[in-house]
Amino acid sequence: MSLTSIMFYFFALVAALSAISMVFVKNVFYGALLLIVCLLSVAGIYVLAFAEFVAVVQILIYAGGILVVIIFGIMLTSRIAGKPLLVQHANKFLGLLVSGVMFVLLVYLFSQQSFTHTSLPPQPEKQIGKIGVGLITDFVLPFEIAGVLLLAALIGASVLASTMKSNRE
Amino acid sequence: MVPVEHILYLAALLLTAGLAIVIVKRNAIMVLLGIELMLNASNLNLIAFNRLQPDKIDGQMFSLFVIVVAVCEAAVGLAIVLRVYKMYQTSVPDEVTELKD
Numbered sequence: 001m002s003l004t005s006i007m008f009y010f011f012a013l014v015a016a017l018s019a020i021s022m023v024f025v026k027n028v029f030y031g032a033l034l035l036i037v038c039l040l041s042v043a044g045i046y047v048l049a050f051a052e053f054v055a056v057v058q059i060l061i062y063a064g065g066i067l068v069v070i071i072f073g074i075m076l077t078s079r080i081a082g083k084p085l086l087v088q089h090a091n092k093f094l095g096l097l098v099s100g101v102m103f104v105l106l107v108y109l110f111s112q113q114s115f116t117h118t119s120l121p122p123q124p125e126k127q128i129g130k131i132g133v134g135l136i137t138d139f140v141l142p143f144e145i146a147g148v149l150l151l152a153a154l155i156g157a158s159v160l161a162s163t164m165k166s167n168r169e
Numbered sequence: 001m002v003p004v005e006h007i008l009y010l011a012a013l014l015l016t017a018g019l020a021i022v023i024v025k026r027n028a029i030m031v032l033l034g035i036e037l038m039l040n041a042s043n044l045n046l047i048a049f050n051r052l053q054p055d056k057i058d059g060q061m062f063s064l065f066v067i068v069v070a071v072c073e074a075a076v077g078l079a080i081v082l083r084v085y086k087m088y089q090t091s092v093p094d095e096v097t098e099l100k101d
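Which chain is which? The protein sequence lines are A and B, in order.
The letter at position 103 of the first sequence is residue 103 when you use this note's numbering, and the numbering goes up by one with no holes.
The letter at position 57 of the second sequence is residue 57 when you use this note's numbering, and the numbering goes up by one with no holes.
If you are wondering where the hints come from, they were derived from the structure by calculation, not from laboratory data.
Just so we're clear, the structure is a prediction, and the values are computed from it rather than from any experiment.
By construction, the Cβ of each residue, glycine as well, lies at the ideal position given by its N, Cα and C atoms.
One thing to keep in mind: the hints can contain errors.
To be verified - Straight-line C-alpha distance at most 20 Å; calculated SDA-like pairs for lysine to any residue:
1) A:Lys92 / B:Ile35
2) A:Lys130 / A:Val56
3) A:Lys126 / B:Asp58
4) A:Lys92 / B:Asp94
As the list claims (entries may be wrong) - If you want the footprint, here are the derived chain A segments under chain B, 3+ residues with CB under 8 Å:
5) 7-18
6) 28-42
7) 70-77
8) 92-105
9) 140-152
What the hints assert, rightly or not - Facing chain B, from chain A, some residues (calculated, C-beta under 10 Å):
10) Gln58
11) Ile61
12) Gly156
Model the full assembly from the supplied sequences, consistent with the hints where possible.
This is the structure we're talking about:
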């Protein structure tokens, strides 16, 4: 067993455990922290799968952006300051049944397939350069559309969350 | 080298855990966290299949755009949650039943 596979299974174990405990945790704040643990270990798996740029983007955006926004949301929607925001569970049996059946079906499907997995050549060195060139050549249209989408989400979120007098009835 | 099936198993686990969170939890923020988890599972699949073709970067590109869409969804979703909380004093989706009555 090589070092890369040991690291992969370690990260996979951490991600799986934190994802499963997210289902059962009651405190929303702990849920957000577990999500960050899960996403950081997924970023580690990205590095092992030769996708360094995506891993860095994942760490920057999720740990730096989304975690802060989500924690602000949790603090602003807890009714009494200082008390943890607890979540109730509903449809517990049905939800676990549906997701369990879906997991079993997916695993069965994957185990039936055989993906061609010959010994891969090592990834070329200039991966990030290729991504940069790709963003302004082959993928320029989705890149621009993503920019417009980000602008629309920025304006929409700030208008929705603002407390101006005009939209307070 | 880790076989690609094992990455797919992990992605399936993350997807179904996110689905269970979306169904079970009665809090809008927790539902948003579940959706983030599901989007990450799809990203993991894209990266896994990109590894099978080392000379192409399509899968990585697509996962970058998935991350962009996930960020937009989180920002707008949390803004809506805050707005709903301000109006109804609750962040439980089942208690917002104005259209039902």
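Cross-check of the supplied hints:
Between the alpha carbons of A:Lys92 and B:Ile35 the distance comes to roughly 18 Å, so the proposed pair stays at or under 20 Å and holds. A hinted pair counts as satisfied when its Cα atoms are at most 20 Å apart, and A:Lys130 with A:Val56 qualifies at roughly 16 Å. Distance hint between A:Lys126 and B:Asp58 is fulfilled; the C-alpha atoms sit about 15 Å from each other, no more than 20 Å. Proximity of A:Lys92 to B:Asp94 is assessed by CA-CA distance (about 15 Å); at most 20 Å being required, the pair is judged to hold.
A stretch counts as covered by a chain when three or more of its residues have a beta carbon under 8 Å from one of that chain; for the stretch 7-18 of chain A and chain B the count is 5, and the coverage holds. A count of 7 residues in the stretch 28-42 of chain A with a Cβ less than 8 Å from any Cβ of chain B is obtained; the coverage claim is therefore met, three being the minimum. Counting residues of the stretch 70-77 of chain A whose C-beta sits closer than 8 Å to any C-beta of chain B gives 6, which meets the bar of three, so the coverage hint holds. Interface restraint, the stretch 92-105 of chain A with chain B: holds (9 residues with C-beta to C-beta distance below 8 Å; minimum three).
Residues of the stretch 140-152 of chain A with a Cβ under 8 Å from some Cβ of chain B number 5, which satisfies the need for three, so the listed coverage holds. The restraint placing A:Gln58 at the interface with chain B holds, with a minimum CB-CB distance near 7 Å, inside the 10 Å limit. With its C-beta approaching chain B no nearer than about 6 Å, A:Ile61 sits inside the 10 Å limit, and its interface hint holds. At a threshold of 10 Å, the smallest CB-CB gap from A:Gly156 to chain B is about 6 Å, leaving the interface hint in force.
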